[in-house]
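> Whole structure, please, built from the sequences with the hints as guidance.
Here our numbering is used: the first residue of the sequence shown is 1, the next is one more, and so on.
Just so you know, not all the hints are guaranteed correct.
[Claimed, not checked] Derived SDA-like pairs: lysine to any residue, alpha-carbon spacing no greater than 25 angstroms straight-line:
1) LYS42 - ARG25
2) LYS202 - GLU230
3) LYS112 - HIS135
4) LYS202 - LYS112
5) LYS55 - ARG84
6) LYS63 - LEU45
7) LYS202 - ARG177
8) LYS63 - ALA78
9) LYS46 - GLN90
10) LYS46 - ARG56
11) LYS112 - VAL144
12) LYS112 - GLN90
13) LYS42 - GLU67
14) LYS202 - ALA229
[Claimed, not checked] Derived CB-CB ranges, DEER-like:
15) ARG300 - ASP143: 18 to 28 angstroms
16) GLN200 - ARG172: 43 to 53 angstroms
17) ASN170 - ALA253: 32 to 42 angstroms
Because the hints were derived from the structure by calculation, they are not lab data.
Values in this document were obtained by computation on a predicted structure and should not be read as measured data.
Don't be surprised by glycine CBs; every beta carbon is placed ideally from N, CA and C.
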Amino acid sequence: MKPILNPSPDAPDRLMRELDWNLLRTFVVLAESGSVTAAAEKLRLKQPTVSAALKRLEERLDKRLVERRPGHFHLTEAGELLYREAVDIQGSILRLSTLMREVADEVQGRVKIAVASHVVCPLFDAALAEFHARHPRATLSIDVMASRDALAAVTAKAATLAICLVRNRNPRLEYRRIYREFFGLYCGPPHALFGRADVQQKDLAGLPTVSFETDRLHDVLRPVTLMRAEAELGERIVGQSSHLEEVRRMIIAGLGVGPLPVHVVRRDVEDGLLWALPPYDRRPAIDVHVVWNPQARMNRAEEAMLATLNRMIETTPIEERTYA
Numbered sequence: 001m002k003p004i005l006n007p008s009p010d011a012p013d014r015l016m017r018e019l020d021w022n023l024l025r026t027f028v029v030l031a032e033s034g035s036v037t038a039a040a041e042k043l044r045l046k047q048p049t050v051s052a053a054l055k056r057l058e059e060r061l062d063k064r065l066v067e068r069r070p071g072h073f074h075l076t077e078a079g080e081l082l083y084r085e086a087v088d089i090q091g092s093i094l095r096l097s098t099l100m101r102e103v104a105d106e107v108q109g110r111v112k113i114a115v116a117s118h119v120v121c122p123l124f125d126a127a128l129a130e131f132h133a134r135h136p137r138a139t140l141s142i143d144v145m146a147s148r149d150a151l152a153a154v155t156a157k158a159a160t161l162a163i164c165l166v167r168n169r170n171p172r173l174e175y176r177r178i179y180r181e182f183f184g185l186y187c188g189p190p191h192a193l194f195g196r197a198d199v200q201q202k203d204l205a206g207l208p209t210v211s212f213e214t215d216r217l218h219d220v221l222r223p224v225t226l227m228r229a230e231a232e233l234g235e236r237i238v239g240q241s242s243h244l245e246e247v248r249r250m251i252i253a254g255l256g257v258g259p260l261p262v263h264v265v266r267r268d269v270e271d272g273l274l275w276a277l278p279p280y281d282r283r284p285a286i287d288v289h290v291v292w293n294p295q296a297r298m299n300r301a302e303e304a305m306l307a308t309l310n311r312m313i314e315t316t317p318i319e320e321r322t323y324a
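And the structure:
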């Protein structure tokens, strides 16, 4: 398919009139699914229908969007560009109902927050309490998800803000550190090292490990990966989850040694459910951020929630937002 070499002056207007949003929506699902088969299942359509939609979209744009052959699915440069713009358009459409409600009743508003599973932050709790006291008719929705999914939700304007870990920053988003936490290594009651006060780092060498899905050198928990490597724990991770509660469950059950935020599991240690292991003095620091999309049009409640959080962050020294 050849690109238009000399597009007519009215080409943008014609595209605006003729481009069907359903084609864009199908393309977004197709790009995220990585195959026509998977996209058809998500959309509950037949495979030929999805293929035909892709063909019509390519014809409308006069650009090849996907390179396909057996065992290979790859977005072209034009496809990558279209996907980014279509996700942005989709986010704006999803927010239309919220904006319409704001016109009818400016007092009410809904705030949707995407939160990583390990977020335990007194400052965030205080911000929620103050927001509700000032805006009792506003509603809050908090969804727990992996950090990468939280960031994707904010990028797509499907969430007002995210509180999560950040590895690579998207220049289209705004970031502000809300708190710093430290990770330590722990084991549960069935483990051979549980209750031993004489454990040294060398005793951890080769032991089975439980950890988070983001515990990789190229991901957000890279410092934790380095801590495990320094302790010479076994390379094979026998239990893995994106949710802290499940990582904690597997450690308590004795599947292996694993990392957890120190301040989050302090009560578990006191209650005899977890046992802290070395290193005790070189625990890695992890920063947790508030992330929002400045291109998203926020309702009054969303603006108030974000303003409350930012004000509290600005007026609270980082030492008081560091949970050791």
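> The structure should be examined with respect to each hint, and the outcome stated for every one.
Verification of the supplied hints:
1. LYS42 - ARG25: holds (12 angstroms)
2. LYS202 - GLU230: holds (10 angstroms)
3. LYS112 - HIS135: Given that 25 angstroms is the threshold and the Cα spacing comes to 15 angstroms, the pair holds.
4. LYS202 - LYS112: violated (46 angstroms)
5. LYS55 - ARG84: Holds: LYS55 and ARG84 sit about 19 angstroms apart, inside 25 angstroms.
6. LYS63 - LEU45: holds (24 angstroms)
7. LYS202 - ARG177: With Cα atoms ~35 angstroms apart, LYS202 and ARG177 exceed 25 angstroms; violated.
8. LYS63 - ALA78: Holds. LYS63 to ALA78 sits at ~7 angstroms (cutoff 25 angstroms).
9. LYS46 - GLN90: At roughly 22 angstroms apart (the allowed maximum being 25 angstroms), GLN90 and LYS46 satisfy the hint.
10. LYS46 - ARG56: Holds, at about 16 angstroms.
11. LYS112 - VAL144: With a Cα-Cα distance of about 11 angstroms, the restraint between LYS112 and VAL144 holds, given a limit of 25 angstroms.
12. LYS112 - GLN90: Roughly 16 angstroms between the alpha carbons, so the hint for LYS112 and GLN90 holds.
13. LYS42 - GLU67: Distance of about 21 angstroms is within 25 angstroms: holds.
14. LYS202 - ALA229: Judged against 25 angstroms, a Cα distance of about 12 angstroms means the pair holds.
15. ARG300 - ASP143: 18 to 28 angstroms: For ARG300 and ASP143 the Cβ distance comes to about 21 angstroms; the hint holds.
16. GLN200 - ARG172: 43 to 53 angstroms: holds (47 angstroms)
17. ASN170 - ALA253: 32 to 42 angstroms: Taking Cβ atoms as reference, ASN170 and ALA253 lie about 37 angstroms apart, which means the hint holds.
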